[in-house]
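Residue numbers (our numbering): 1 to 320.
Errors might be hidden in some of the hints.
To be verified - Heads up, simulated DSS-like pairs for lysine-lysine below, C-alpha to C-alpha not over 25 angstroms straight-line: (1) LYS199 to LYS169; (2) LYS228 to LYS172; (3) LYS27 to LYS3; (4) LYS199 to LYS228.
The set of hints was computed from the structure by calculation and includes no laboratory data. Keep in mind it's a predicted model, so treat the numbers as computed, not measured.
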Amino acid sequence: MKKIERINIIMRYINNRSHFTISEIMKEFNISRSTAIRDIREIEAMGMPLVAEVGRDGGYFVMNNSVLPTVRFTDNEIKALFIAFMATRNKQLPYLKSRQSLAEKLLGLISANQQDDLVLLNQILLFEGTNPNNPDLLELSDLPHPVLEKLIQILLLDRYLLISIKEEKETKIYPIYLLHLYHEKGYWLIEGFDLKDNKRQIFSVDHLTDVKPYLTDKRLSKKQILEKLSKQEEVINLVIELGPKAINQFKKYHPLKLSIAYTNPYQTTGILRTYINVTNPEELTEIINWLLFLGQDIKFKEVPKEVLEGIQERVCLSYP
Numbered sequence: 001m002k003k004i005e006r007i008n009i010i011m012r013y014i015n016n017r018s019h020f021t022i023s024e025i026m027k028e029f030n031i032s033r034s035t036a037i038r039d040i041r042e043i044e045a046m047g048m049p050l051v052a053e054v055g056r057d058g059g060y061f062v063m064n065n066s067v068l069p070t071v072r073f074t075d076n077e078i079k080a081l082f083i084a085f086m087a088t089r090n091k092q093l094p095y096l097k098s099r100q101s102l103a104e105k106l107l108g109l110i111s112a113n114q115q116d117d118l119v120l121l122n123q124i125l126l127f128e129g130t131n132p133n134n135p136d137l138l139e140l141s142d143l144p145h146p147v148l149e150k151l152i153q154i155l156l157l158d159r160y161l162l163i164s165i166k167e168e169k170e171t172k173i174y175p176i177y178l179l180h181l182y183h184e185k186g187y188w189l190i191e192g193f194d195l196k197d198n199k200r201q202i203f204s205v206d207h208l209t210d211v212k213p214y215l216t217d218k219r220l221s222k223k224q225i226l227e228k229l230s231k232q233e234e235v236i237n238l239v240i241e242l243g244p245k246a247i248n249q250f251k252k253y254h255p256l257k258l259s260i261a262y263t264n265p266y267q268t269t270g271i272l273r274t275y276i277n278v279t280n281p282e283e284l285t286e287i288i289n290w291l292l293f294l295g296q297d298i299k300f301k302e303v304p305k306e307v308l309e310g311i312q313e314r315v316c317l318s319y320p
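Use the sequences and the hints to build the structure in full.
Shown next, in the form of C-alpha cells:
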C-alpha cells in the first residue's frame, strides 16, 4: 500500500473512533512503531486536531468541534466512485435529483488531470440501460416510485409501518415490521413481517400508495418477530431435487429467498428445501408457475397437495 493511501485510510480510521493508541494503529495497518508515529505526526501536520494523553493507558483522541482537513481521494478511489455513478445512471434509484449536485461536489474535490480521466471514461464506458446516442438521457419511466423516498425516510426512524397496497379491486392496509427493502430484476420490493397475520410477506413498491409509521403500544419486539419467523421456516413442506437444466433455470429466476444445497462438486445437481404458504392464493400461483418454469428436470421429494394439484391442473389444460 502506498504511503498516501495508508495515511488517508488511517485518517478515516481515526475519525471514526473517540480514542486510539499507537499499538492499535500498528496492529490494524501492520506497520512498525516508528512508521505509525511518523504517520500520526504527518496527519497532525495536515491539520487533524489530535490530542495526546500521557500515562500507561494513554493514546490520542480527536478534539471535538474542530475543523478536519479536506478529504483527499486517490486516483483509484475517484475512478471507483465515478464508475459506480455511471453504472447506476438511468436506474430507478431514490434521491435521484441529488445525484447531479453530488457529482458536481465530487468533481470540485479532484485535480484537472483526474477530471480528464473521468471525461475519457465517460466516453468509453456504457452500461446496461444506457442510451448510447444520449448517455445522459433520463426517461420519465426511469424515475423511482414517488413513495420510495418517503418510505426510506420513515423507516430510518421506525421500521413499524402501515403500508397501503393497491390490489385488483381495492386498496388494503397492512401493519408490518420492515425486514428488508431491496431491488431485484428492476423492481423495488418490501420484505416485511405482517403484524396482523404473523407471517412474512413480500410487497411491490410499485403497488404502494401510502406509508406511515405504525403507532401502537402493542408492538411485538424484533426478537419476538425473528422467533416467529424462525419457527415458520422450520416447517419445510417443499423439497425438490434439481438436475442441471433445472439449476440453470433456477439461476435465471427464483421468486423466493433461498439457495440450492448442491449434491456434487460440479454443482450440476442439488436439493432445495423451503416453506410454501398454500393459504395465500397469490403465492401459491406464483410457486406453481415457477415450478413449471424449472421444467421436467426436477423430482419432488415432498410437496403440498395444493401445489401438486395446481401443477396437474395446469398440465391438463395445456394438453387436453
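So, going through the hints one by one against the coordinates:
With a C-alpha separation of about 23 angstroms, the suggested pairing of LYS199 with LYS169 holds against the 25 angstroms cut-off. For a cut-off of 25 angstroms, the pair hint linking LYS228 to LYS172 stands: about 23 angstroms separates their Cα positions. Of the supplied pair hints, the one linking LYS27 and LYS3 holds, its CA atoms being roughly 16 angstroms apart against a limit of 25 angstroms. For the proposed pair LYS199 and LYS228, the alpha carbon gap of about 8 angstroms is at most 25 angstroms, so the pair holds.
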